[in-house]
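Protein chains in written order, with our numbering: chain A, 265 to 554; chain B, 9 to 338.
Read the hints as simulated data drawn from the structure, not as lab findings.
Bear in mind the structure is a predicted one, so any value in this text is a computation, not a measurement.
Here a beta-carbon is modelled for each residue, glycine too, at the ideal position from N, C-alpha and C.
It is possible that some hints are incorrect.
Restraint ranges, calculated between C-beta atoms of paired labels, are given here [to be verified]: (1) B:Pro14 <-> A:Ile334: 53 to 63 Å; (2) A:Leu404 <-> B:Asn86: 55 to 65 Å; (3) A:Ile272 <-> B:Leu104: 38 to 48 Å; (4) B:Pro138 <-> A:Val275: 26 to 36 Å; (5) A:Phe428 <-> B:Gly113: 47 to 57 Å; (6) A:Ala453 <-> B:Arg322: 18 to 28 Å; (7) B:Ala201 <-> A:Val544: 25 to 35 Å; (8) A:Thr387 <-> B:Leu108: 57 to 67 Å; (9) A:Phe428 <-> B:Ser112: 22 to 32 Å; (10) A:Glu358 <-> B:Gly280: 51 to 61 Å.
Selected chain B positions facing chain A (Cβ under 10 Å, derived; list incomplete) [unchecked claim]: (11) Ala103; (12) Leu108; (13) Thr109; (14) Gly113; (15) Ser117; (16) Leu254; (17) Leu272; (18) Val273; (19) Met283; (20) Val296.
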Amino acid sequence: MLSPTILIPTVLNGLLTGAVYALVALGLTLIYGVLHIINFAHGALLTAAMFAAYFAFHTLGIDPYIAAFIIAPVFFAFGYALQRFVIGPASHGEDRNMLLVTLGLAVIIENALLFWFRADTRTIDVPYAFQSIDLGFTFLAVPRLVGFAAVFVVALALWLIMGFTDTGRAIRAVAKEKLGAELAGIDVAHVYAVTFGLGTACVAIAACLLVPSYYVNPSAGNAFVLVAFTIVVLGGMGSVPGALIGGLIIGVVESLSSLFLGESLGQIGIFLIFIAVLLVRPQGLFGAKA
Amino acid sequence: MKAFAPIAVVIALLAAVPLIVHSNVTLNFLVVALMIALAGQGWNILGGYGGQYSFGHAAFFGTGAYVTAILQVRYGVNAWLAFGLGIAASAALGALIGGLTFRSGLRGSYFALVTLAFAEVLRIVASVAPITGAGVGTLIKLDLRAEALQFESRAMFYWVILALVAVALIITHLIERSRFGAWLIAVRENEDAAMALGVDATAVKLAAMTISGAITAAAGCFYVQYFLFVDSGIAYGTWISIEALLTPIIGGAGTVFGPLLGALVVKALGEGALMVVTGEAPGLDLVVFGCVLVLVIWFSPRGLIGVGAELRKRFRRAGTRPVAQEARHG
Chain A
265 MLSPTILIPT VLNGLLTGAV YALVALGLTL IYGVLHIINF AHGALLTAAM
315 FAAYFAFHTL GIDPYIAAFI IAPVFFAFGY ALQRFVIGPA SHGEDRNMLL
365 VTLGLAVIIE NALLFWFRAD TRTIDVPYAF QSIDLGFTFL AVPRLVGFAA
415 VFVVALALWL IMGFTDTGRA IRAVAKEKLG AELAGIDVAH VYAVTFGLGT
465 ACVAIAACLL VPSYYVNPSA GNAFVLVAFT IVVLGGMGSV PGALIGGLII
515 GVVESLSSLF LGESLGQIGI FLIFIAVLLV RPQGLFGAKA
Chain B
9 MKAFAPIAVV IALLAAVPLI VHSNVTLNFL VVALMIALAG QGWNILGGYG
59 GQYSFGHAAF FGTGAYVTAI LQVRYGVNAW LAFGLGIAAS AALGALIGGL
109 TFRSGLRGSY FALVTLAFAE VLRIVASVAP ITGAGVGTLI KLDLRAEALQ
159 FESRAMFYWV ILALVAVALI ITHLIERSRF GAWLIAVREN EDAAMALGVD
209 ATAVKLAAMT ISGAITAAAG CFYVQYFLFV DSGIAYGTWI SIEALLTPII
259 GGAGTVFGPL LGALVVKALG EGALMVVTGE APGLDLVVFG CVLVLVIWFS
309 PRGLIGVGAE LRKRFRRAGT RPVAQEARHG
């Protein structure tokens, strides 16, 4: 069981899966870092974006990797509108209400997709779906390698936006000191909505990276959402590097525990880490004290 | 005794329903609505009065259901006793989860997440463990005798669940008027301030979670006796976590009658939505639940029970526009 010919590919595949997890978690942590709420609609938004990518390929013939450049801005706008015109006004500035509103939106989105598209599982058929690169000792699937690379491009772009643009500075100011930022003339409602939009754009890109190698159905996003919560908690709520490193760790843990415990119990490893981190170190590896 | 009059009136009116309505479809609808109300009453103690929003009350519903079923099927325990033990097991689970989470100081989002995770872990374990029947689930043998807590007439089941709801209403009312209830509300409003005044917040929340788990478990135990089947998706599925929090929030969290009102309204709307559409409409009732949840939080944060007060407030504000209030809300 422990021979390196099995172990190394398992770890490598875990890292590749973990990168996409990290991207989903990145959106979640960004929203948490600024709005201080957990977006329970994150998984449902991922599912919605996967359906968008599916139909972009299926009816319009656009490759998912190209479609990402259209779907990401569309979902940015959708996320912006959702926060600005629904979540913000509906929750009256109370954290508890925000939790419930995002939960309500998750229920609405997931079940609306179920109502329209039924529970059927769909897949798309891209030419590179089963291509792989031979490393001599193992094979790595091309779609997952592309995903891995894309995640770091997105993380870099996000880092540039946050560090070097006025919008990024405004977002960081609101995250640190909301009232102070407001007094300095920053439109907090706008910044909240931009942040929510950016988080939603992250899941949209993640969806486009997933669609070539993953099935699409109305509950597809749920498989990722608890994993993403775990990553965010492990890496530290609101920490971007934490989300990246946490994502990779969780990817490896999942593939190793599937190897040793079998598919059905593979996820248990993730939840146990999740509960343990929450109980022992809720601020995570890189987060500030909760 | 006068304080219990509203509860007595509501229960008496509901108890008379099977004497007038004989349709099995309607009675079945009411039984399920009351069962969800009971699950919501459990959530209401911790979430409504204590302000701790659990997103994983399925953990209690499912444990109650499984313990009741497994004790009867595998160990031949009497159904009534199994029912009681199911409730006790969930109360213990509530104390355990509460002890772990509240001692680590988890609040708000973190508490919601960790309860969600506990329910998921239980669901996965139940879907593979042999004792729960794994993927196949557990069936209870049909045995239509009162000793086995099974009845031929739906009306009897209806009165049983109504009695459970009545007990939960009385418990909620007693808590609301007790010192413990005042502590719980103080923790909800401002935990740090409550602690500064000498309230042992951890102990108060722990007790609330234990009671809360026990009440929601009773709904799970009832589910098993009524449908005679349970599997991991039913017992620990997200559906029950969502419905258990939906009903008190929509009806009015932190009120005695909120969960009951919420359950009846929500279930009626769900049925109504399914009637409007011809043919299959999977998920449509849940879309309606989600919309009602968002709209209630948006326009009447105190739930349907608070609609009247909310309207009066808006009306008054529109008339006089006091400056201080504008500043706070605007």
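Q. If you check the beta carbons of Phe428 (chain A) and Ser112 (chain B), does the distance land in 22 to 32 Å?
A. Distance hint for Phe428 (chain A), Ser112 (chain B) is violated at roughly 38 Å.
| field | Thr109 (chain B) as chain A interface residue, shortest Cβ-Cβ below 10 Å | value | holds, 7 Å
Status of the given 26 to 36 Å range, CB of Val275 (chain A) versus CB of Pro138 (chain B)
holds, 32 Å
**Asked** Is it true that Ala201 (chain B) and Val544 (chain A) lie within 25 to 35 Å of each other by Cβ?
**Response** Hint holds: Cβ distance 28 Å, inside 25 to 35 Å.
Inset, instruction - Can you let me know if the beta-carbon spacing of Thr387 (chain A) and Leu108 (chain B) is within 57 to 67 Å? - result: Given a distance of about 41 Å, which is not inside 57 to 67 Å, the answer is violated.
Okay, Pro14 (chain B) versus Ile334 (chain A) on CB: inside 53 to 63 Å? At 57 Å between Cβs, range holds.
#### Entry: Ile272 (chain A) paired with Leu104 (chain B), Cβ distance criterion 38 to 48 Å
holds, 40 Å
Requested in this report: Classify the hint on Val296 (chain B) as holds or violated, based on whether any CB of chain A lies nearer than 10 Å to its CB.
Outcome: holds, 9 Å
* When you take the CB atoms of Leu404 (chain A) and Asn86 (chain B), is the distance between them in 55 to 65 Å? -> Between Leu404 (chain A) and Asn86 (chain B), where Cβ atoms are some 59 Å apart, the hint holds.
Against chain A, with CB atoms and a cut of 10 Å, does the hint on Ser117 (chain B) hold up?
-> holds, 4 Å
- Message: Tell me if the interface restraint on Ala103 (chain B) is satisfied: Cβ within less than 10 Å of some Cβ in chain A.
- Response: violated, 15 Å
Does Leu272 (chain B) hold up as a contact with chain A if the rule is Cβ-Cβ below 10 Å? Because about 19 Å separates Leu272 (chain B) from the closest Cβ in chain A, which is outside the 10 Å limit, the hint is violated.
Comparing the model with each numbered hint stated earlier shows that hints 5, 8, 9, 10, 11, 17, 18 and 19 do not hold.
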